[in-house]
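The hints should help you fit chain B onto chain A, whose structure is shown.
Taken in order, these protein sequences are the chains called A and B.
For the first sequence, position 12 (counting from the first letter as 1) is numbered 12 according to the UniProt record's numbering, and the numbering increases by one without interruption.
For the second sequence, position 126 (counting from the first letter as 1) is numbered 126 according to the UniProt record's numbering, and the numbering increases by one without interruption.
No lab work stands behind these hints, which were simulated from the structure alone.
Just so it is clear, the structure is predicted and the values come from calculations on it, not from any experiment.
Check each hint, because a few of them may be wrong.
Chain copies aren't distinguished; within one or between two, either way the pair holds.
Claimed, not checked - Result set (EDC-like, lysine to aspartate or glutamate): computed pairs, CA atoms no more than 16 Å apart in a straight line:
| hint | residue 1 | residue 2 |
| --- | --- | --- |
| 1 | 118 | 37 |
| 2 | 114 | 69 |
| 3 | 270 | 249 |
| 4 | 251 | 37 |
| 5 | 182 | 43 |
| 6 | 251 | 189 |
| 7 | 229 | 249 |
| 8 | 272 | 25 |
| 9 | 114 | 64 |
| 10 | 139 | 166 |
| 11 | 114 | 37 |
| 12 | 121 | 98 |
| 13 | 2 | 42 |
| 14 | 121 | 24 |
| 15 | 121 | 37 |
| 16 | 23 | 140 |
| 17 | 251 | 24 |
Protein chains: 2
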Amino acid sequence: MKIGFLGPKATFTDIAVREMFPKEESVPYATIPDCFDALSEDEIELAVVPLENALEGSVNITLDYLVHEVDLPIIAELTCPIRQHFMVHPENLDSWKETERIYSHSHAIAQCHKFLHKELKGIPYTNTTSTAAAAQFIKEHPDMKAGAIANELAAKEYGLSIVRKDVHDIHYNHTRFIVLSKNEMPLSEDGSSFKGYKTTVMITLPSDRAGALHQVLSAFAWRRLNLSKIESRPMKTGLGNYFFIIDIDMKQDEVLIPGVVAELEALDCKVKILGSYPYYQLGLEISKLNTYL
Amino acid sequence: MKIGFLGPKATFTDIAVREMFPKEESVPYATIPDCFDALSEDEIELAVVPLENALEGSVNITLDYLVHEVDLPIIAELTCPIRQHFMVHPENLDSWKETERIYSHSHAIAQCHKFLHKELKGIPYTNTTSTAAAAQFIKEHPDMKAGAIANELAAKEYGLSIVRKDVHDIHYNHTRFIVLSKNEMPLSEDGSSFKGYKTTVMITLPSDRAGALHQVLSAFAWRRLNLSKIESRPMKTGLGNYFFIIDIDMKQDEVLIPGVVAELEALDCKVKILGSYPYYQLGLEISKLNTYL
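Excised from the complex, chain A in its bound form (with noise of 0.2 Å):
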């Protein structure tokens, strides 16, 4: 089985992906919408983005693909913790006190602010593409006093020494990716990652007026279904409309969704199951992971 992933290799998406797809084939694409085409057009036969609250790849690109372009269901979900560490060359692993740039992608510097801001305050960036580009670097110019930020496999891929581990302002943050494929595929419920299940689903409204999204809940509350997460996103048509993404905390049923969802297009909202998908919450096991960099 061929998995694209949204690349370059030894981001965290790559770690998601060895870590649920051990044995499986992977391929890193540029782009999120280059990985939909090759799914699409059948290259690959599962398809892994970021989500939620990812490092690289814009999410929203995720969700705009997902409602508006394509027709490809998600088949599970991954979540996985963001550990980012700092990382220098081994020859300068002794004077790293001393190190005169740091590099790594914006938004990793911005999440080690507390860190860089204490220990190597005052210190100048250079921004990379990626945290994986920011080691790659670092690998390459052993005789600049330089650092990186970056996770854990893209020190070991390139052969850097991590000398503060954990370096990122606050703990508890994850990335969600999803698993996209054009078939359904059995995943396992074994092992201590298996979480449980969810079911997505795109509510649109039929216009925008106060408390339509109160009445909508209305039909998840009365029957006790849990919501893990809401949100409003504009519709691409123009301003004032919006559409929701919702997760229930349940396996599709024979009862109970689908009552929600005739109750909702008798109240002329347009409803669109995006998946119903059992989630895994990954643990970064680095060491236990394959590299082939």
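Relative to chain A, chain B alone:
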């Protein structure tokens, strides 16, 4: 007055600042936390950062800082359309169809997927750290058969020739920016860009249970308060707990909004008003902006 914004120069944030505050001095900062810090430490009087749908800067970092790290009220919101253009060095104007490599930020490349797929199919990309950096690279390499995807300000500032306008896939795509300040600052209600007032509140539910959000929305619905945005975000204390960011379509008053807050607090919700402020729809008339790169 000195205004800090998420840089570098010639980005969409820069365009928004120049259009909204044409006569003020503005200073680019490398990251969103740097903008917040500069404001906290009185280096600047206003900070402008992206809140939603941004190419540059992680929007979640803005929300997380607003909610967890600082107590800086929102004093205005600016909405700008996102327009991307394909541009080359003027020396390569006639031969632009022979472009051998495309430079841009990975999100901009993703946003212009259809144009690239149709008119420049198979041409490789190089990611840059911003669309402005791509434009600068093209300016410095007239000898290369290369093009950039960037905004009109970048074309103007770096003297490039736009050969295809509006090459982004999805029209009506906008970025929302917020303006933060320690002090109240009355902004103009004149002019066509002023669109009204909104109030942003953060609500934390007492526990994660079915129907809790529905109950919260009741407090708004029976008062006929229109909500233009709702978003759930995980708390930083672990998975499974959520807070909500809600935009109410009105200026803070002395009766309705305080009534909602009192009712929600009686239900053991935590409520924080992040700001009550005017919002503006900017038009991006680049030709009228001051340029000073």
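Within a copy, between copies, both or neither: which one fits residue 182 and residue 43 at a CA-CA cutoff of 16 Å? Within one copy only: 12 Å inside, 53 Å across.
Intra- versus inter-subunit Cα pairing at 16 Å for residue 251 with residue 37: neither (28 Å within a copy, 44 Å between copies)
Should residue 114 paired with residue 64 be assigned to within, between, both, or neither, using CA atoms and 16 Å as the limit? between (33 Å within a copy, 14 Å between copies)
Is the C-alpha distance from residue 114 to residue 37 at most 16 Å within one copy, between copies, in both cases, or in neither? For residue 114 and residue 37, the Cα distance is within 16 Å only across copies (11 Å; inside one copy 39 Å).
How do residue 114 and residue 69 come out at 16 Å by Cα distance, when the copy is not named: within, between, both, or neither? So residue 114 and residue 69 pass the 16 Å test across copies only (11 Å; inside, 40 Å).
Intra/inter-copy verdict for residue 139 and residue 166 if alpha-carbon distance must be at most 16 Å: Neither, since 20 Å and 39 Å both go past 16 Å.
Are the CA atoms of residue 121 and residue 37 at most 16 Å apart within a copy, between copies, both, or neither? between (44 Å within a copy, 13 Å between copies)
When no copy is specified for residue 272 and residue 25, does a C-alpha distance of 16 Å or less occur within a copy, between copies, both, or neither? neither (32 Å within a copy, 48 Å between copies)
One pair to classify: residue 121 and residue 98, alpha carbons no more than 16 Å apart. Within, between, both, or neither? Classified as within; 12 Å inside a copy, 46 Å across copies.
Are the CA atoms of residue 2 and residue 42 at most 16 Å apart within a copy, between copies, both, or neither? Within one copy, since 10 Å is at most 16 Å while 53 Å is not.
Between the shortest in-copy and the shortest cross-copy C-alpha distance, which are at most 16 Å for residue 229 and residue 249: within, between, both, or neither? Classified as within: same-chain Cα gap 9 Å, cross-chain 22 Å, threshold 16 Å.
I want to check one pair: residue 251 and residue 24. Are their C-alpha atoms no more than 16 Å apart within a copy, between two copies, both, or neither? neither (26 Å within a copy, 54 Å between copies)
This entry does not satisfy hints 3, 4, 8, 10, 14, 16, 17, going by the numbered hints stated previously.
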